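There are 2 protein chains.
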Amino acid sequence: MKNMLVAQSGGPSAAINATITGVIDAGLESEEIRHVYGALNGIKGVLNENFVMLDEICRSKEKRDLLAMTPAAALGSCRWKLKDPKENAEEFEKIIQVLRKNEIGYFIYTGGNDSMDTVYKLSQYCKEHGVDDIKIMGAPKTIDNDLGETDHCPGFGSAAKFIATAFTEIACDSFVYDVPSVTIVEIMGRNAGWLTASAALARTEKRRVPQLIYLCEKTFDEERFIQDVKDALKKENNIIIAVSEGVKDASGKYVGEEIKSGKEDAFGHKYLSGIGKYLEGLVGEQIGCKVRSVELNVLQRCAGYMLSRTDIMESRNLGAYAAISAIRGESGKMSVLERISNHPYHVKISLADLSGIANYEKTVPVEWITEEGNDITDELVEYLTPLIQGEVEIPYENGIPKHFVL
Amino acid sequence: MKNMLVAQSGGPSAAINATITGVIDAGLESEEIRHVYGALNGIKGVLNENFVMLDEICRSKEKRDLLAMTPAAALGSCRWKLKDPKENAEEFEKIIQVLRKNEIGYFIYTGGNDSMDTVYKLSQYCKEHGVDDIKIMGAPKTIDNDLGETDHCPGFGSAAKFIATAFTEIACDSFVYDVPSVTIVEIMGRNAGWLTASAALARTEKRRVPQLIYLCEKTFDEERFIQDVKDALKKENNIIIAVSEGVKDASGKYVGEEIKSGKEDAFGHKYLSGIGKYLEGLVGEQIGCKVRSVELNVLQRCAGYMLSRTDIMESRNLGAYAAISAIRGESGKMSVLERISNHPYHVKISLADLSGIANYEKTVPVEWITEEGNDITDELVEYLTPLIQGEVEIPYENGIPKHFVL
Numbered sequence: 004m005k006n007m008l009v010a011q012s013g014g015p016s017a018a019i020n021a022t023i024t025g026v027i028d029a030g031l032e033s034e035e036i037r038h039v040y041g042a043l044n045g046i047k048g049v050l051n052e053n054f055v056m057l058d059e060i061c062r063s064k065e066k067r068d069l070l071a072m073t074p075a076a077a078l079g080s081c082r083w084k085l086k087d088p089k090e091n092a093e094e095f096e097k098i099i100q101v102l103r104k105n106e107i108g109y110f111i112y113t114g115g116n117d118s119m120d121t122v123y124k125l126s127q128y129c130k131e132h133g134v135d136d137i138k139i140m141g142a143p144k145t146i147d148n149d150l151g152e153t154d155h156c157p158g159f160g161s162a163a164k165f166i167a168t169a170f171t172e173i174a175c176d177s178f179v180y181d182v183p184s185v186t187i188v189e190i191m192g193r194n195a196g197w198l199t200a201s202a203a204l205a206r207t208e209k210r211r212v213p214q215l216i217y218l219c220e221k222t223f224d225e226e227r228f229i230q231d232v233k234d235a236l237k238k239e240n241n242i243i244i245a246v247s248e249g250v251k252d253a254s255g256k257y258v259g260e261e262i263k264s265g266k267e268d269a270f271g272h273k274y275l276s277g278i279g280k281y282l283e284g285l286v287g288e289q290i291g292c293k294v295r296s297v298e299l300n301v302l303q304r305c306a307g308y309m310l311s312r313t314d315i316m317e318s319r320n321l322g323a324y325a326a327i328s329a330i331r332g333e334s335g336k337m338s339v340l341e342r343i344s345n346h347p348y349h350v351k352i353s354l355a356d357l358s359g360i361a362n363y364e365k366t367v368p369v370e371w372i373t374e375e376g377n378d379i380t381d382e383l384v385e386y387l388t389p390l391i392q393g394e395v396e397i398p399y400e401n402g403i404p405k406h407f408v409l
Numbered sequence: 004m005k006n007m008l009v010a011q012s013g014g015p016s017a018a019i020n021a022t023i024t025g026v027i028d029a030g031l032e033s034e035e036i037r038h039v040y041g042a043l044n045g046i047k048g049v050l051n052e053n054f055v056m057l058d059e060i061c062r063s064k065e066k067r068d069l070l071a072m073t074p075a076a077a078l079g080s081c082r083w084k085l086k087d088p089k090e091n092a093e094e095f096e097k098i099i100q101v102l103r104k105n106e107i108g109y110f111i112y113t114g115g116n117d118s119m120d121t122v123y124k125l126s127q128y129c130k131e132h133g134v135d136d137i138k139i140m141g142a143p144k145t146i147d148n149d150l151g152e153t154d155h156c157p158g159f160g161s162a163a164k165f166i167a168t169a170f171t172e173i174a175c176d177s178f179v180y181d182v183p184s185v186t187i188v189e190i191m192g193r194n195a196g197w198l199t200a201s202a203a204l205a206r207t208e209k210r211r212v213p214q215l216i217y218l219c220e221k222t223f224d225e226e227r228f229i230q231d232v233k234d235a236l237k238k239e240n241n242i243i244i245a246v247s248e249g250v251k252d253a254s255g256k257y258v259g260e261e262i263k264s265g266k267e268d269a270f271g272h273k274y275l276s277g278i279g280k281y282l283e284g285l286v287g288e289q290i291g292c293k294v295r296s297v298e299l300n301v302l303q304r305c306a307g308y309m310l311s312r313t314d315i316m317e318s319r320n321l322g323a324y325a326a327i328s329a330i331r332g333e334s335g336k337m338s339v340l341e342r343i344s345n346h347p348y349h350v351k352i353s354l355a356d357l358s359g360i361a362n363y364e365k366t367v368p369v370e371w372i373t374e375e376g377n378d379i380t381d382e383l384v385e386y387l388t389p390l391i392q393g394e395v396e397i398p399y400e401n402g403i404p405k406h407f408v409l
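So the sequences go chain by chain: A and B.
Mapped onto my numbering, the consecutive letters of the first sequence carry residue numbers 4 to 409.
Mapped onto my numbering, the consecutive letters of the second sequence carry residue numbers 4 to 409.
Chain A on its own, in the form it takes in the complex:
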């Protein structure tokens, strides 16, 4: 019997704890696992031997279910890139030493492409140095949905559901006055527009909002944008716009970069502002109608009361699959989702090599963006729709959602 270790890394999501829960589920069920430990703050917690005994804390199903529904990263996270082992093998040796000392035979790391770089390097190092008593596996996580080899990523569905819902609410709010108005909603995504695209899921037969969608995969032209807004205002009074925080102009620079970043005011205070505020200024100046901007900000990745049941279940299963695969002897791979069909929605979980995942960003295919660059195609809506389906009934305590706190 050996121990299993799980840790998480990179930015939080509403589903990362579900993946951890899947690992604990698998560890508790397997006769080959004595304990499931959690390392605090990712690989840093491994290096510092900062562990908690998760199978003890989460022995009851109730506790595990609560963990699975708690947003962000209960074990904490880190942004720590392992060095090239050829230049500096010290960290690798230290990790292996800590794992062996704690009789850890299986290490599951959940995160995005940076985290998969860690899993990749570590598993390669073990392979090259004949370390075959430790199996290292990745489980995917990122609201950005930009990991390769998998149909989509845990955490994305819940973030997409939050965004779509926010647009329906903002629409309710925006349609209240009978004067022309423009609302610009800025959505996370520096290089991939998946989250911004999910705003389209707010559209119903009765209300088609947002009317305009701009992803960061397509060059953003300010003049064209203003013309789009003017055209939209000719048809409707209240225009709602979804825009990726990372839209770039023809020269590849972030739109309004000089203005948004780091200008100092009279007092020497630095000013950081997003694309939403920038476009708000532009519309105000060039069109002159009522205009406001909304930044969904961190809420889109930590809204635990707006979970996609599909997402949470898949996330948990992906964690369990990575753990079970490790016990079966696999190493240096990541559990992935393969979409079998849309009607009915059906996915299969399998494993993929990390070489095509580490440090790679999967962006929205340009053929899924309309030619005008101000909307997405039906194919993309078809891809997105199943991912936000189903709700999770969350427990409340004293009027607020109850969370798992270590």
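Some clues are possibly wrong.
Straight-line alpha carbon distances no greater than 27 Å define the calculated BS3-like cross-link-like pairs of lysine-lysine that follow [said to hold, decoys possible]:
(1) A/K405 <-> B/K84
(2) A/K86 <-> B/K293
(3) B/K47 <-> A/K237
(4) A/K209 <-> B/K293
(5) A/K293 <-> B/K84
(6) B/K209 <-> A/K64
(7) A/K209 <-> A/K256
(8) B/K405 <-> A/K209
So the derived label-pair ranges between C-beta atoms look like this [what the hints assert, rightly or not]:
(9) A/R210 <-> B/D252: 14 to 24 Å
(10) A/D154 <-> B/T207: 31 to 41 Å
(11) A/I290 <-> B/P347: 52 to 62 Å
(12) A/E226 <-> B/P183: 27 to 37 Å
Sample of chain A residues with no beta-carbon within 12 Å of chain B, all distances over it, derived [to be verified]:
(13) I19
(14) E59
(15) K86
(16) D87
(17) E94
(18) N105
(19) G151
(20) A167
(21) Y180
(22) K209
(23) K233
(24) I327
(25) E333
(26) L354
(27) S358
(28) H406
Derived by calculation from the structure, the hints in this document are not laboratory data.
These figures come from a predicted structure and were not determined experimentally.
We put the CB at the ideal spot given by N, CA and C, even for glycine.
Given the coordinates of chain A, work out where chain B should sit on it, guided by the hints.
Chain B alone, transformed into the frame defined by chain A:
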């Protein structure tokens, strides 16, 4: 038999439609009411005779329940202040003429203190001109919770629940990294800090966030603020701060006013930014740790998936009570809540004169703010807690909340 008319005015809230629903409930139940009409876009809809027949649309309980759970203002709203009738009686005459033409004997107007000014003026005008065939009543509404004569306001409890929940989620997100960080959350409220105070409801035994709370009722001192943050960082790694958008300095000016409002950049674009961004810059400059700001923005008033059951039920009852009171012959009053007890929570609905409500803003009593000005007292927590209790099960369609759309 006469008809009843209902309209709503002022900013949206998540509970205003529940109040409208209460009016429809009462109208459908009363044998003295033929039809319940809704005027679109508030008093403007009355002036333009822009009506919909609500009792037809909302005959089924299912439809009414859906309306009650839909955020914002299904009938639309307006910001329209009636002139002093002594100077210009034209609008008043027009309104009375439209009401009589449509055989409307009861007019219920729901809104905040501006809207109650409309109800007050209109009912006074009727009284002074012997118009006794039209009864005019107000029903309260405002997320700001700043109406006089009532213990609290419909819409506030749901907004407070959203804010408290957002803080629990932001805490989950913020505690992920083991580096010192400051998160500043800007909350609506120019002159009243009730919403900001409700951030305190996020506190649990396991996690006391936000650690600092600044209401606009108390002078905001930048130096003191920076010292507070430094002190807090000595005790904990991750500091979360709630601040009213309307905090003012000792001279009564909005904090950072010159910087936030209307500065022009090199391209002539105007820049509007809030207190959160301003304080983010201040902390970054004077403390230098990781810092970010979050603006909850319109989501705090239109989040229909985060409704307080207490709030929605009270809002509906207040609408019904105003309607029933009108049928019983009352006019020129507003339905209000009187708190009988906290344990168990119990309120009574009654009527109040509009003279103490119209154009008056009820702020947080200073004795409910700590002496240091960076937190609220237990008394205020006690006042707030019952208002966010209970949840509303909302219907979903295709992965997003289903809303009532006219």
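Could you tell me which of the hints above the structure violates, numbers in ascending order? Per hint list: 1, 4, 7, 9, 12, 13, 20, 21, 22, 28 violated.
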